[in-house]
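Please build the complete structure, drawing on both the sequences and the hints.
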Amino acid sequence: MNMNASGTLGGRELQKTFESTPNAGVCSITGLKPGNPNWINQDNFIAQEGRVGNTDEAMFCVLDGHGQQGHLVSTQCRERLPQLYRETGNDLSRTCLAMQAELEKSTAMDVKCSGATCVICVVEGRRLTVGNLGDSKAVLGRRVNGVTLPHPLTNDHKPDRPDERQRILQAGGKVGCRQLVVGNGPNGPVRLPMGPMRIWYQVRGETMGLAMSRSLGDGIVHALGVSADPELTEHLLDGEDLFLLLGSDGIWDVTDLNQAVQIVQGVVNKNPHGWDPREAAEELAVSARRRWESMSQMVDDITAIVVKLQ
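In this text, residue positions in the sequence shown follow our numbering: the first is 39, and each later residue adds one.
It is possible that some hints are incorrect.
[To be verified] The calculated lysine to any residue pairs, modelled on SDA-like cross-linking and capped at a C-alpha distance of 25 Å, are:
{"no.": "1", "residue 1": "K346", "residue 2": "H311"}
{"no.": "2", "residue 1": "K212", "residue 2": "T245"}
{"no.": "3", "residue 1": "K143", "residue 2": "T113"}
{"no.": "4", "residue 1": "K54", "residue 2": "K346"}
[To be verified] Simulated DEER-style distance windows between Cβ atoms:
{"no.": "5", "residue 1": "G277", "residue 2": "A209", "range": "41 to 49 Å"}
{"no.": "6", "residue 1": "D94", "residue 2": "P310", "range": "18 to 26 Å"}
{"no.": "7", "residue 1": "P227", "residue 2": "E51", "range": "38 to 46 Å"}
{"no.": "8", "residue 1": "S131", "residue 2": "Q297", "range": "26 to 34 Å"}
{"no.": "9", "residue 1": "V185", "residue 2": "R118", "range": "36 to 44 Å"}
{"no.": "10", "residue 1": "L270", "residue 2": "P310", "range": "26 to 34 Å"}
{"no.": "11", "residue 1": "G243", "residue 2": "P72", "range": "35 to 43 Å"}
{"no.": "12", "residue 1": "E142", "residue 2": "P190", "range": "27 to 35 Å"}
{"no.": "13", "residue 1": "V185", "residue 2": "A139", "range": "22 to 30 Å"}
{"no.": "14", "residue 1": "D94", "residue 2": "R118", "range": "18 to 26 Å"}
{"no.": "15", "residue 1": "E331", "residue 2": "A249", "range": "30 to 38 Å"}
{"no.": "16", "residue 1": "Q297", "residue 2": "A249", "range": "19 to 27 Å"}
{"no.": "17", "residue 1": "Q348", "residue 2": "T245", "range": "46 to 54 Å"}
{"no.": "18", "residue 1": "E278", "residue 2": "G233", "range": "37 to 45 Å"}
Keep in mind that the hints were calculated from the coordinates and are not lab data. Note that beta-carbon positions come from the ideal geometry of N, C-alpha and C, so glycine has one too.
See the structure below:
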């Protein structure tokens, strides 16, 4: 079930998209960009559950688009990733690499400077496999000595991560922060580093930077060491794994892993045997939106998926 809805927070209207499956709920909230009242949510998601033979199988994915055509990239990935997973023999690495090849051949969009992060989780029976590209995250809420704690399943792909930086430099990429000129010194302009580390490249004489070292799309920087090969994690689910969370960086830029897990646990505590993962996803997304609005006029797109495991 997929539906769109609107609500308010602090007098501002929220554009929300919901989806539900038997054991999962999704909430995505469109961000705010000053000067762009018609902003299109660049986040996208996949939430599918079913059976293959005698095995329960499910796929959950969050995609966070960036660049002028990021919403088109994330939409194409949403539409194609499940089919590519089947076509590649249920191999997440081959799935993402095949997706990258399709994007680069696409005539429907220009992916030279647009792309998407991707965190994708596949549950087959008790086996959980996670593939990650970029800075979206997946985390388990896991019971440890009677307390629910976060169990991270992903590591961010940023150009300041030593192994990622090395790959980019070896491919000829340039990594650094923006430089703000704050004055003049005896040896010339005094520059102050600002913002995150980025991979820098030129497009028609314009200097552009990408703040992640793995993604789908982004054709120009993939020639400079940015990778579409996901980092994989496997986890054997057991009775201590209570729920699974996936989120775009609209969640994680303002919410740490423990805060996110405790927000969901708060929903669980209200109805331990019949809690609604869609309600938990909405609670997590709205909490992040509230934090964004308290600190900035710019609000990132926000997407949360919550999966009930018990």
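Against the structure, the hints:
Among the hinted pairs, K346 with H311 is consistent with the structure: their alpha-carbon atoms are about 11 Å apart, no more than 25 Å. For the hint pairing K212 with T245, the CA-to-CA distance comes to about 12 Å; that is within 25 Å, so the pair holds. Between K143 and T113 the alpha-carbon distance is near 16 Å, which keeps this suggested pair within the 25 Å criterion. Our distance criterion of 25 Å between C-alpha atoms is met by K54 and K346, whose separation comes to about 21 Å.
One distance hint, 41 to 49 Å for the beta-carbon pair G277 and A209, holds here, with the actual separation near 44 Å. Taken as a hint, the range 18 to 26 Å holds for the pair D94 and P310, whose Cβ atoms sit roughly 22 Å apart. Separated by about 44 Å at the C-beta atoms, P227 and E51 satisfy the suggested range of 38 to 46 Å. For the pair S131 and Q297, the supplied restraint of 26 to 34 Å holds, since their beta-carbon distance comes to about 31 Å.
For V185 and R118, the hinted distance range of 36 to 44 Å is satisfied, since their beta carbons lie about 40 Å from each other. A hinted range of 26 to 34 Å holds for the C-beta pair L270 and P310, which are about 33 Å apart. For the pair G243 and P72, the supplied restraint of 35 to 43 Å is violated, since their beta-carbon distance comes to about 27 Å. Checked against the given bound of 27 to 35 Å, the beta carbons of E142 and P190, roughly 31 Å apart, stay inside it.
Judged by the Cβ atoms, the range 22 to 30 Å given for V185 and A139 is violated: they are separated by roughly 45 Å. With their beta carbons about 23 Å apart, D94 and R118 fall inside the hinted range of 18 to 26 Å. For the pair E331 and A249, the supplied restraint of 30 to 38 Å is violated, since their beta-carbon distance comes to about 22 Å. Checking the proposed 19 to 27 Å range against Q297 and A249 shows it holds: the Cβ atoms sit about 23 Å from each other.
For Q348 and T245, the Cβ-Cβ distance of about 50 Å falls inside the hinted range of 46 to 54 Å, so the restraint holds. For E278 and G233, the hinted distance range of 37 to 45 Å is satisfied, since their beta carbons lie about 39 Å from each other.
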